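Here the protein sequences line up with chains A and B, keeping their order. Numbering that gives the first Met the number 0 applies: residue 0 is where the first sequence begins, and numbers increase by one. Numbering that gives the first Met the number 0 applies: residue 0 is where the second sequence begins, and numbers increase by one.
In case anyone wonders, no lab produced these hints; they're calculated from the structure. No experiment lies behind these values; they were computed from the predicted model shown. Worth double-checking, as some hints may not be accurate.
To give a feel for the contact side, a few chain A residues facing chain B, derived at Cβ under 10 Å [what the hints assert, rightly or not]: (1) Gly-237; (2) Gly-239; (3) Leu-301.
Negatives, chain B to chain A, calculated, CB over 10 Å [what the hints assert, rightly or not]: (4) Glu-42; (5) Glu-68; (6) Ala-82; (7) Asp-83; (8) Lys-103; (9) Glu-204; (10) Leu-205; (11) Asp-223; (12) Thr-225; (13) Gln-258; (14) Glu-270.
For each residue, glycine too, the CB sits at the ideal point set by N, CA and C.
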Amino acid sequence: MGQVDMMKKVPVSEQPAAERAHNFQEVCLGYTREEAMDEATRCLNCKNPRCVSGCPVSIDIPSFIMQVKEGNVQEAYDIISLSSSLPAVCGRVCPQETQCEGVCVRGIKGEPVSIGKLERFVADTAREMGIVPKGADEKKNKKVAVIGAGPAGLTCAGDLAKKGYAVTIFEALHKPGGVLMYGIPEFRLPKEAVVEKEIENVKALGVEIITDFVVGRTATIDSLMEDEGFDAVFIGSGAGLPKFMGIPGEQALGVFSANEYLTRSNLMGAFKEDSRTPIMVGKKTVVVGGGNVAMDAARTALRLGSEVTIVYRRSEEELPARVEEVHHAKEEGIIFNLLTNPVEITTNEEGWVNGIDCIRMELGEPDASGRRRPVEIPDSRFHIECDTVIMSLGTSPNPLIHTTTDHLDADKHGCIIATEDVGLTSREGVYAGGDAVTGAATVILAMGAGKAAAAGIDAYLSK
Amino acid sequence: MFEIVVKKTLGPKITLYEVKAPFIAKSALPGQFLIVRIDEEGERIPLTICDYDKEKGTITLVVQAVGAESTRMESLQEGDCFADVVGPLGRPSELTELSPEELKQKKLLFVAGGLGTAPVYAQLKWLHEQGCPADCIQGARTKDLLIMIDEMEEVTDTLYLATDDGSVGIHGNVTVALQQLHDEGKHYDLVIVIGPMIMMKFVCELTKKLGIPSIASMNTIMVDGTGMCGACRLLVDGEVKFACVDGPEFNGHLIDFDQAMQRAKLYKDQETRILLRDQEKETHHGGCGLCSE
Ligand SMILES: Cc1cc2nc3c(=O)[nH]c(=O)nc-3n(C[C@H](O)[C@H](O)[C@H](O)COP(=O)(O)OP(=O)(O)OC[C@H]3O[C@@H](n4cnc5c(N)ncnc54)[C@H](O)[C@@H]3O)c2cc1C
Ligand code: SF4
Ligand code: FES
Chain A
0 MGQVDMMKKV PVSEQPAAER AHNFQEVCLG YTREEAMDEA TRCLNCKNPR
50 CVSGCPVSID IPSFIMQVKE GNVQEAYDII SLSSSLPAVC GRVCPQETQC
100 EGVCVRGIKG EPVSIGKLER FVADTAREMG IVPKGADEKK NKKVAVIGAG
150 PAGLTCAGDL AKKGYAVTIF EALHKPGGVL MYGIPEFRLP KEAVVEKEIE
200 NVKALGVEII TDFVVGRTAT IDSLMEDEGF DAVFIGSGAG LPKFMGIPGE
250 QALGVFSANE YLTRSNLMGA FKEDSRTPIM VGKKTVVVGG GNVAMDAART
300 ALRLGSEVTI VYRRSEEELP ARVEEVHHAK EEGIIFNLLT NPVEITTNEE
350 GWVNGIDCIR MELGEPDASG RRRPVEIPDS RFHIECDTVI MSLGTSPNPL
400 IHTTTDHLDA DKHGCIIATE DVGLTSREGV YAGGDAVTGA ATVILAMGAG
450 KAAAAGIDAY LSK
Chain B
0 MFEIVVKKTL GPKITLYEVK APFIAKSALP GQFLIVRIDE EGERIPLTIC
50 DYDKEKGTIT LVVQAVGAES TRMESLQEGD CFADVVGPLG RPSELTELSP
100 EELKQKKLLF VAGGLGTAPV YAQLKWLHEQ GCPADCIQGA RTKDLLIMID
150 EMEEVTDTLY LATDDGSVGI HGNVTVALQQ LHDEGKHYDL VIVIGPMIMM
200 KFVCELTKKL GIPSIASMNT IMVDGTGMCG ACRLLVDGEV KFACVDGPEF
250 NGHLIDFDQA MQRAKLYKDQ ETRILLRDQE KETHHGGCGL CSE
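Just chain B, with the same shape it has in the complex (with noise of 0.2 Å):
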């Protein structure tokens, strides 16, 4: 069991969790992931780590109420546990494989989208205490789903932020924001993007375009996460990778995102099945068209 001693709401919808998990904190690296189950009828769900403290060992989540279970866990309170939480899964992020020396020489871009703030979070902490703080280009479609801003201040070396509906920061997607850095003549040798698929795809067809190195993190349907079952399989230059071991992070140039996609939505009618046999309970009684057995 795993406990929850933190929990915070960031914005509609979505929360933090700070989880008890001494072996996974001590373990985790940026770039990595962990499997989740709310309680012994829980589905295993995939999510990324946000943070983790190795003294007070504990790990943080970011968690988006949008599917069955991310709806059903916001019922759980401080004090409450996970039935199970399983990391660090995944390979850390490359760059945790360099020397600060090594890092400062390279100009690092992060792109977070949405969700993909919390593990971006991550990544940026970790830079900032090696001494290397990369700039980031935080994006959301109005102000208030932009999460854990003065947190990102804190480790980011310039901070831009990018909203749809321009009430904050460049009007635009973290595309135009990306864009409209170029244009101004700044230069990078690397950009890490992590947030919705679709995002990333058009972030990394930009990338290509001006010739950026650039990292994507997959964030695939999975079940085990240690490599078991293929359910995660995405074509990286053609052959077939596990998002859960090969990954979660691939050459952003070489992922086949619209199959990744396409992939994506494997599930989906049953998924939606669930979450309305969750809110209607006893009162659905069809019609809806997605329980037609």
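So that you can see chain A by itself, here it is in the shape it has in the complex (with noise of 0.2 Å):
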């Protein structure tokens, strides 16, 4: 063991940002062992652990730090799996700084622990071991409907197949993984190394997965119900649909969704060379928004060869995103303009953009989000020359289930209604749960709510 500076995290190697802004590898290459063993020296164990507070689904994590002090993967890794489905998701995309490591009593004088990327290396070492989730010792006789392959659906599938239930889980798009496979970007999550290995172990729970089944259009909820003889449905459409500002110059050739463009390039992998898929690549890119979708967006184009600038309404310390990615982001060298606001997109004589037109913001008086208001500066109006505009300003859920299911209930967002203890929605049987429930989250909400959903239904099919 080296010598730990208790106030410090243990550096993680990363590829330098000069080469790492060129490819489409991993940016965080994770601990080894000797540095995870090392890492975990600096946990206090503390009786009062506020860590497991700041954790949304509770992980028992100074139980699982001490393990991996001790050098015990599979104990760590069962103790994370009491509480979690997608470790090794988790421990690359959640913004642990204001959850876990954000209350971490370590925190309060030098620097948190380094929690994220503990559970990363024992998610990984587990893998890379070979250790899977166990599936159930007896089947019941009782067939569950799962609508969406992203976090939620995958958790509630794989709980309830543990459980002994037969599981369908029907995905809109020809691969499962929700956001993990179409959003966020090979560089942050690797698809075949992480995501597609987590998808296996559900399958290997008994989980069967139909893709290309869009519920609502292919077949709906109720007849799933009535004649497919589904026992119990759980909703995890996500929150798929993209806004836009509504700015002159929006329907301009080269303005795109984040989730268009992230689409191509991950799901469809129009990064590679071959690929059959196009993507634009300009040589100035502007992303309009300051969230992980903008940083994917941003950091993708920049691979792709473009130089790219963030524009984004408030501050720095606004900026929703997590601070590794707006750091990573940086190093890469995109450029960051903040208090900036977006009012047209400017376009030569065929339609293609040539520019956006800003003004400057100051922050003023805080509002309803208790974060302070951008206001205009009067006269503040200048161009950003471009040829690409990405629009990144959040997703909303799709209305399809709730406007084809007989008497579900939704919010004025288009939110489904659903209970906050077990998702069960205004439908008998019907449970909803993740970004399809609260609007664009996180992984770990998404995750959090498939179990807890997945308990619901098994409480509702045992009565």
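Both chains are given apart, each in its own frame, so use the hints to dock them into the complex.
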């Protein structure tokens, strides 16, 4: 064991910024066994572990870290598995700085324990060792349909299969994984090595996944229950509908939603040279927005060979993206134009984008969300030259499911209404969770909702 | 995997595929479309539904080999499979919401241009089954490109053929034919036009002048076909709509066709490059000006 600085996280190796800006391989390389065991010694094993209360699914963090400290990966994995079914994913994409690490006692004086990296280490090592979740010993004679193969759906399906239910996932796209597959890029979340393995694990539990099946179109929830004999349904259809700003020029050639850009690159593999799916690579790209999705779109465009500027109307402090992603994006050379709001996209005679007009903002009084509201600075309009604009302004749930299901209630934003504890909707036997209920949120919350609903469905079907 | 049970040549580079897809066949209604992927490497391509057989559990597509994927599709044979067929997508034709009584009170005219005949056939057949057959103008550049004439005859009240070169039927394009029917005193309550965008634009300009409400089916660029990407967006009455979920059918008098045609050009260069790569394989070494990078 090396000399560990108790005030600082054991550094994790990363691909150098200059190199990774031109490839799609994973940025963070993860801890080695020695590094993980060193980092684990920094945990104080608090009697009152604040990290656990900061974790949306209450992973017993100090217990698993104590096992890592001893080098017991299997034991650590078992502890995490009690609360989470996607640790390799969450270790990579959770906003730890606002969750477990944000409240870690170590963080009061120095840097918090690197909980996310430790979780990732455990999950990756367990996978390499061939540790897989255990299936049910006894099958139950009940069928459950799960809509959507994102984190919520996969988790709910996996938990129900472990209890012996016959579970079928219906997925609209040609590949399962949801945002993990089509949204989050390879350089942050490897598809073959991580996401596909997680999906294999769910299948190994006996879950059937039917792709190319759009519930509401290919068949409705009502017909799945009445004609196909499903006893319960879980809706984990996410929040995939992109928003646009409604400013002039948004229909121009060269304006894309982040969802389109990322789907082309990730799901369709357009970043690969021999891909049959085209993607537009501008010389200068402007990405509008400040969340994870904006960072992912910006860093994808950069890797494809464009110069990239992010335009965001609030200040750095309010950037909703994970701190690590903002940090990585900056290292890679992405320009940040903060406190800036687009007002018009300008075009040439043929209708192609040639720039974007913006105004400068300053922070005013706090708004309903507690963040200071950006207000326009008069006469501050200026022009940024670019040939591609990617709009990343958030997404909302697709209305398809609640508009094609009898008596399934949704709120005015199209979010399906479901109970907090188990995700029961206005329809008996129909449960929902993840982004479809909350609007765009996080992987861990979607996973947690999938777990809670699985427990609810089990209780309902055991009645 | 979705098996091709029948493959038939309908014209030069025009092929019909009947594909096993029981769930889709059961739910399909006229006006809807599918997204198809040939194989694991394939692009997702939107194709309209030409026919469906709920008993046999099959759906029928008609494809013209014009782009990289549709050309590649020609090598598939009966017994081969498409990797993916998703659907039925989009909203069904508004006519499907009407009762036979309501339908009988409307005099409907379909205008089918080129490959647009396939989706028009689905609608005409459905109306025929409701006992309310409609009229149709079917147009193409020349006689050989007029597909499925016998099948169309069977489900149409009166079928008018029109060819640009006059090789059969009315001499002139579908707009000329429509004007002619109007001049002869034929009255229609609604025109439904499906075909190339430029043709739909001219038909809708004419019907606007003639005061006949019109519906056009928009074949925009698409990726997912479920409302997730916005690649298919277009302006209708100044508002942004997604063709895949809000359409594909819209009020033809309110569509911004010029912008839609401009947006259709978006990936032309890239698509040509992929087509060239397929055709020339290793022998393509530049000089075409399209593969600059
Ligand atoms: C680019 C991007 C980056 C992100 N980065 C992060 C991050 O770093 N950290 C983090 O925690 N979160 C991140 N998120 C958010 C996170 O991915 C989501 O909150 C999470 O995936 C939600 O899971 P879900 O299972 O509810 O939905 P999704 O992952 O959206 O999955 C829903 C699935 O349902 C399918 N579906 C939809 N409608 C139907 C239908 N009618 N029939 C059948 N199937 C249907 C969809 O195709 C999809 O596969 C990111 C999101 C994006 C888009
Ligand atoms: S709060 Fe920090 S130091 Fe305390 S148990 Fe959790 S990870 Fe360890
Ligand atoms: S094709 Fe993606 S939203 Fe219509």
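Right, here's what the structure says about each hint:
Proximity of Gly-237 (chain A) to chain B holds as hinted, the smallest CB-CB distance being about 9 Å (cut-off 10 Å). Among the interface hints, the one on Gly-239 (chain A) holds; its C-beta lies about 4 Å from the nearest C-beta in chain B, closer than the 10 Å criterion. The interface hint given for Leu-301 (chain A) is violated, since its Cβ lies 16 Å from the closest Cβ of chain B, which is over the 10 Å cut-off. Taking the minimum C-beta to C-beta distance to chain A, about 5 Å, the non-interface status of Glu-42 (chain B) is violated against the 10 Å cut.
The claim that Glu-68 (chain B) lies off the interface is violated: its Cβ sits roughly 7 Å from the closest Cβ of chain A, which falls inside the 10 Å cut-off. The claim that Ala-82 (chain B) is not at the interface with chain A is violated, since a C-beta of that chain comes within 10 Å of its own (minimum 7 Å). The beta carbon of Asp-83 (chain B) sits about 4 Å from the closest Cβ of chain A, which is not more than 10 Å, so the claim that it is off the interface is violated. The claim that Lys-103 (chain B) lies off the interface holds: its Cβ sits roughly 29 Å from the closest Cβ of chain A, which is beyond the 10 Å cut-off.
Distance check for Glu-204 (chain B) against chain A: the nearest CB is about 20 Å away, which clears 10 Å, and the non-interface claim stands. Listed as outside the interface, Leu-205 (chain B) is consistent with that label: its C-beta sits roughly 25 Å from the nearest C-beta of chain A, beyond the 10 Å cut-off. Not every CB of chain A lies more than 10 Å from the CB of Asp-223 (chain B), the least distance being 7 Å, so the non-interface label is violated. Listed as a non-interface residue, Thr-225 (chain B) fails to keep its Cβ farther than 10 Å from every Cβ of chain A; the least gap is roughly 5 Å.
At roughly 6 Å from the closest C-beta of chain A, the C-beta of Gln-258 (chain B) falls inside 10 Å, breaking its exclusion from the interface. Some Cβ of chain A comes within 10 Å of the Cβ of Glu-270 (chain B); the nearest lies about 6 Å off, and the non-interface call is violated.
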